[in-house]
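Chains as they are written, first to last, in this note's numbering: chain A, 446 to 784; chain B, 446 to 784; chain C, 446 to 784; chain D, 446 to 784.
Keep in mind that the hints were calculated from the coordinates and are not lab data.
Incorrect hints may appear among the rest.
The list treats identical chains as one, so a pair stands whether inside a single copy or across any two.
[As the list claims (entries may be wrong)] Below, computed lysine-lysine pairings styled on BS3-like, alpha-carbon distance capped at 27 Å: (1) K475 to K462; (2) K570 to K462; (3) K629 to K514; (4) K644 to K514; (5) K451 to K514; (6) K570 to K644.
Being a predicted model, the structure only gives us computed values, none of them experimental.
4 protein chains.
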Amino acid sequence: MQEIRKKALERVSAQCKVCPVCNGIVCAGKIPGMGGIGSGISFQNNINALARHHLVLRTLHQANEPDTKTSLWGREMALPVMAAPVGSVALNLGSDMSDVDYTRLALRGCRAAQTLAGIGDLPDKAGFQQYMDVVGDDGAIAVPFIKPWVNMAEITARMDMAAAAGVGICGMDVDGAGPPTMRKLVSPVGVTPPAKLEKIVGEAHRRGMKFIVKGIMAPDEAVIAADAGADALVVSNHGGRVLDGAPGSAEVLPSIAGIAGGRLVVMMDGGIRSGVDVLKALALGAQFVLICRPVMIAVHGDEEHGVSTYFAQIRDQLVQAMRLTGCANLSAISGRVLC
Amino acid sequence: MQEIRKKALERVSAQCKVCPVCNGIVCAGKIPGMGGIGSGISFQNNINALARHHLVLRTLHQANEPDTKTSLWGREMALPVMAAPVGSVALNLGSDMSDVDYTRLALRGCRAAQTLAGIGDLPDKAGFQQYMDVVGDDGAIAVPFIKPWVNMAEITARMDMAAAAGVGICGMDVDGAGPPTMRKLVSPVGVTPPAKLEKIVGEAHRRGMKFIVKGIMAPDEAVIAADAGADALVVSNHGGRVLDGAPGSAEVLPSIAGIAGGRLVVMMDGGIRSGVDVLKALALGAQFVLICRPVMIAVHGDEEHGVSTYFAQIRDQLVQAMRLTGCANLSAISGRVLC
Amino acid sequence: MQEIRKKALERVSAQCKVCPVCNGIVCAGKIPGMGGIGSGISFQNNINALARHHLVLRTLHQANEPDTKTSLWGREMALPVMAAPVGSVALNLGSDMSDVDYTRLALRGCRAAQTLAGIGDLPDKAGFQQYMDVVGDDGAIAVPFIKPWVNMAEITARMDMAAAAGVGICGMDVDGAGPPTMRKLVSPVGVTPPAKLEKIVGEAHRRGMKFIVKGIMAPDEAVIAADAGADALVVSNHGGRVLDGAPGSAEVLPSIAGIAGGRLVVMMDGGIRSGVDVLKALALGAQFVLICRPVMIAVHGDEEHGVSTYFAQIRDQLVQAMRLTGCANLSAISGRVLC
Amino acid sequence: MQEIRKKALERVSAQCKVCPVCNGIVCAGKIPGMGGIGSGISFQNNINALARHHLVLRTLHQANEPDTKTSLWGREMALPVMAAPVGSVALNLGSDMSDVDYTRLALRGCRAAQTLAGIGDLPDKAGFQQYMDVVGDDGAIAVPFIKPWVNMAEITARMDMAAAAGVGICGMDVDGAGPPTMRKLVSPVGVTPPAKLEKIVGEAHRRGMKFIVKGIMAPDEAVIAADAGADALVVSNHGGRVLDGAPGSAEVLPSIAGIAGGRLVVMMDGGIRSGVDVLKALALGAQFVLICRPVMIAVHGDEEHGVSTYFAQIRDQLVQAMRLTGCANLSAISGRVLC
């Protein structure tokens with residue numbers, strides 16, 4: 446990984462310093478760039494909310510060979526991890542890589558690592574189609590997240606493209622309702638009233654796709670997502686990039702998992718850097734986690750191989766952390782490992 | 446704003462470094478200068494007290510086009526914001542701008558931004574008259590704050606000048622009772638006993654002006670202000686410049702709003718830098734906020750246009766923050782947006 | 446004061462950097478030197494314990510001309526302040542000033558400022574006699590603190606010298622029980638069993654002197670001091686110089702004042718730098734405070750005039766802080782000013 | 446000690462900076478090296494957990510000459526301290542010293558200081574035998590800690606060697622279950638199921654040795670250790686080197702001492718640097734402490750004499766801390782000294 450990080454730094458140093466710990470301090474407020482919005486505290490809160498929790502070291506048990514495998518709606522996965530959807534790679538990382546190339550490499554890396562691969566959206570439908578063209582025969586692991594377009598037709602058109610590409614799971618980052626640039630478009634983004642969300646979920650289901658609502662930070666909105674029929678939600682503050690002063694995802698995760706965990710799959714996004722972080726998120730109530738910035742670094746450091754190398758490290762760390770906390774498999778992970 | 450801040454730095458760098466986040470650390474203890482008194486902690490507490498609160502991100506609702514308009518005693522305003530009264534600009538900022546010029550530019554900027562403009566006071570009445578000469582036909586938005594002169598005649602003379610200039614709202618920064626320099630004047634400042642405050646409010650009302658008490662940090666003094674008939678109070682520690690070791694305004698705001706909010710208008714001053722801060726202050730119980738240092742920077746960066754540009758940014762940030770917390774208008778803002 | 450501090454720095458820079466805020470960070474662990482022992486945290490805790498308390502700004506009251514005068518056992522004082530006893534000035538400050546010269550200058554400065562002047566002790570009685578020779582006709586304000594010598598005769602001999610010099614108040618820093626150098630002397634220091642303390646107090650009283658026990662940090666030891674008949678105690682961790690990991694004086698002051706305040710005079714030593722600190726200490730239950738390091742700086746910056754200038758600043762700050770918290774005199778200071 | 450630390454720095458500077466306070470910040474994440482794993486926070490938590498506790502200064506009592514002597518299962522000791530077992534000195538410290546030489550010097554230093562000396566383990570039994578060859582006639586103070594080998598025969602073979610060398614106490618660092626390098630060996634390490642632990646303890650007892658379980662961080666595992674018949678346990682997170690995000694030993698010590706203190710001897714390892722730290726650990730419920738990194742520095746600074754000098758310093762600090770907290774002997778140390 447050291448080698449991969451070094452190579453990545455050469456390509457992205459204009460916007461990202463590939464810090465030893467990716468914590469949002471150096472890049473605070475840099476958008477475009479990799480930082481959190483404004484003071485940058487929403488990004489930093491993601492890191493701090495996880496760091497606040499400690500793990501109970503236990504070694505007097507049987508869990509010597511922990512198993513990290515899981516499945517989601519019939520798909521087998523080596524890890525409870527999804528690469529987060531990203532866009533505007535060139536703009537934000539100052540890299541020479543096109544979004545389509547990025548998407549292709551991230552997807553291939555996720556295939557090799559047997560994880561899911563989130564895919565972003567673009568203002569013009571043609572751009573989204575390019576992403577779908579990349580999917581190829583990876584429809585089973587590709588998870589496109591459509592923007593919360595005010596115009597419903599923009600959404601259903603993208604769903605058609607996704608379904609045609611063999612995609613089985615799609616989602617929407619409803620917290621992407623705000624950026625001024627995205628609101629001045631011919632077809633802007635906006636907030637998503639509950640009734641509209643229900644309609645959107647129905648459109649996905651009608652096309653045979655599961656639907657994930659990304660960007661839930663309040664228990665009451667988790668209930669709205671569940672009531673709308675969503676199959677999963679992602680606790681996320683959008684990497685701290687839309688609202689300054691938001692709490693970290695891990696802070697609100699337990700209450701959201703508590704109220705909605707029995708009704709839909711709960712995922713968490715924000716601040717996951719290592720296998721220890723994955724363990725913490727699962728102990729706090731998530732079933733899956735999304736990882737964003739480290740995957741971007743990995744793609745720039747060694748393309749698809751960078752991604753699979755990074756996920757292999759995540760897996761090694763997760764196995765070791767499960768062994769030293771006494772968890773034989775993912776379902777054995779609970780609040781008991783935290784202190 | 447980057448351009449404006451850069452230009453401002455050229456003019457004020459002797460006393461103010463126009464820091465990325467204006468938080469009272471670099472300038473701690475520098476009076477004259479822009480810092481807080483002594484250790485500087487009273488200024489820093491203003492920032493920290495707001496930073497301690499986080500916002501609940503919500504996007505599953507109807508509030509896509511939030512409205513930031515409000516009104517105060519019949520005056521329509523684009524924002525619940527007032528530029529804070531300031532004095533001794535040259536001394537404190539090391540700038541080449543006269544206080545009268547500063548006042549004129551700030552006032553014009555506020556007019557363009559449709560906000561209120563606080564105006565300062567001076568030891569000699571002639572100076573105050575110069576401020577009133579600047580008011581012109583902006584009496585509806587100009588809000589002079591008279592110092593707490595021990596001699597009542599000093600106060601009523603200024604009220605006469607303000608009323609003659611068409612001013613409809615005046616106030617007093619009662620917390621300006623202390624600075625040694627102001628206490629060695631022929632007519633010094635001092636504390637304001639409740640009975641005197643009642644008389645002062647009566648004098649303002651007799652001249653047809655609403656009256657604001659600025660510098661309330663204790664619930665019991667909020668009750669005194671209300672009992673005295675004041676129309677509004679400003680929770681403020683005077684920018685941390687009069688008493689070392691004072692708490693931040695946002696720390697004491699909720700208890701003051703709780704006890705006096707039903708009797709007079711509650712405003713808050715201290716540490717407001719962005720639209721997110723405005724939202725937090727309103728959620729904590731304020732109806733209006735005052736902004737000081739950033740307006741001073743804006744005036745030095747691009748005169749009246751700097752002010753209107755800064756307030757436009759505040760409005761954009763407030764709109765975005767209201768959208769992402771589900772507040773369609775200012776009255777929809779409540780403690781529910783905080784966590 | 447800026448000038449005084451600058452001059453002091455020239456004389457003491459080998460051991461003390463005359464930091465903007467004297468907080469024990471730069472000098473941590475430097476003994477000899479000005480720092481706290483070991484990690485230096487005991488010194489820093491003194492500062493932090495005071496900083497943790499904030500003051501309620503109040504200006505709607507009558508206390509425009511606060512009075513800082515007080516008296517102790519018939520002695521009138523301009524301030525509730527005593528210069529702390531110090532020794533080994535040359536060694537600890539790296540200065541060229543003899544302890545006797547230091548003592549003379551500090552005493553004169555305290556006389557000018559109408560405060561009390563603590564005076565240190567030395568291993569040999571002849572040294573202590575030199576201090577007493579300095580007292581001259583200032584017996585009413587000179588307060589020698591005798592070390593806790595294991596040999597009772599060492600103590601009574603010094604009491605005789607003090608009484609002969611016209612001293613009316615003496616004390617003992619019982620927390621000076623430990624330093625290895627002081628324990629290897631022919632006549633070493635040691636802890637003070639309750640029965641011995643009672644005897645010591647009796648010896649002082651028999652010679653017509655009031656007696657202060659300095660170095661109380663536990664409520665149960667405050668009760669022992671009161672039971673022994675002491676007239677006052679000083680809450681002190683010896684400037685953080687004897688035990689690493691001790692709490693700050695202001696942390697334990699309230700519980701000690703609560704249990705013993707009605708039986709003897711409670712004083713506090715540790716971390717007092719400004720008039721605001723004096724106000725906080727009094728609000729936390731002290732009737733008098735001792736100040737050490739800033740007085741040492743003042744003596745080195747401008748001899749006795751440095752001390753009186755520093756105490757004048759303390760008085761101005763205390764007056765201003767009392768005015769802005771609504772305290773007309775020292776007895777009006779209570780927990781109500783804290784938040 | 447200054448001289449010893451200076452010499453040590455010359456030998457180990459490639460991996461260790463011999464920081465004024467050894468707190469895991471500079472070396473965070475450096476393994477091989479002296480740091481904690483990953484973020485390094487598990488190491489730092491050891492330091493912080495002790496620093497959080499403060500000591501009550503008391504000097505009005507009889508404990509002028511505190512006694513630090515203790516005994517363990519019949520062995521007299523000058524201090525309640527054991528040098529922690531270490532391995533891979535050359536790799537981790539970047540030193541030119543062999544593990545066998547290190548072990549010999551540490552053992553001799555402990556003998557001189559009248560403490561116990563922990564001894565490490567190696568993947569090949571021949572290496573372990575070399576350690577046992579070093580023991581000589583110090584079997585009474587040598588305490589080898591065997592790794593948690595999956596293969597029971599590896600364990601009993603080492604016990605045979607230890608018993609043959611006259612060792613009376615052995616142990617196992619059960620938390621050493623994880624490092625990938627140690628898991629790829631022909632005979633790897635692993636977790637220790639309770640039934641296996643019971644068997645291991647039995648094997649030790651059958652050979653006439655007391656048995657210590659090192660690496661307990663959860664009360665339930667303390668009960669398992671006691672149920673298995675262990676004679677002592679060591680609260681330890683392995684110096685923060687096996688699991689990122691573990692709490693500090695001193696955080697969990699009180700609950701472990703509370704539940705198991707009556708059944709076996711409770712020791713603590715992690716973050717002990719000074720005699721004040723020893724006092725804190727004992728006040729939190731430990732009867733003995735292990736010290737690791739400072740002993741490594743001492744060995745590199747002045748071989749066996751470095752160790753005895755370091756332990757003499759620990760003793761002086763402990764005596765002084767006991768005197769200033771009123772503890773005449775180790776059994777007088779209780780939670781009463783903490784605040």
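Here's how the hints hold up against the structure:
Taking identical chains as interchangeable, the C-alpha atoms of K475 and K462 lie at most 27 Å apart whether they share a chain (12 Å) or sit on different chains (20 Å). For the homomeric pair K570 and K462, neither the shortest alpha-carbon distance inside one copy (33 Å) nor that between copies (46 Å) is at most 27 Å. In the homo-oligomer, the alpha carbons of K629 and K514 lie at most 27 Å apart only across protomers (21 Å), although the nearest pairing inside one protomer, at 44 Å, exceeds that limit. Taking the closest pair of Cα atoms, K644 and K514 never come within 27 Å of each other, the shortest separation being 33 Å inside a single copy and 33 Å across copies.
In this homomeric assembly, K451 and K514 never come within 27 Å of each other (Cα to Cα): the closest approach is 30 Å inside a single copy and 51 Å across copies. Within a single copy, K570 and K644 get their C-alpha atoms as close as 20 Å, which meets the 27 Å cut-off; across copies the closest is 67 Å, which misses it.
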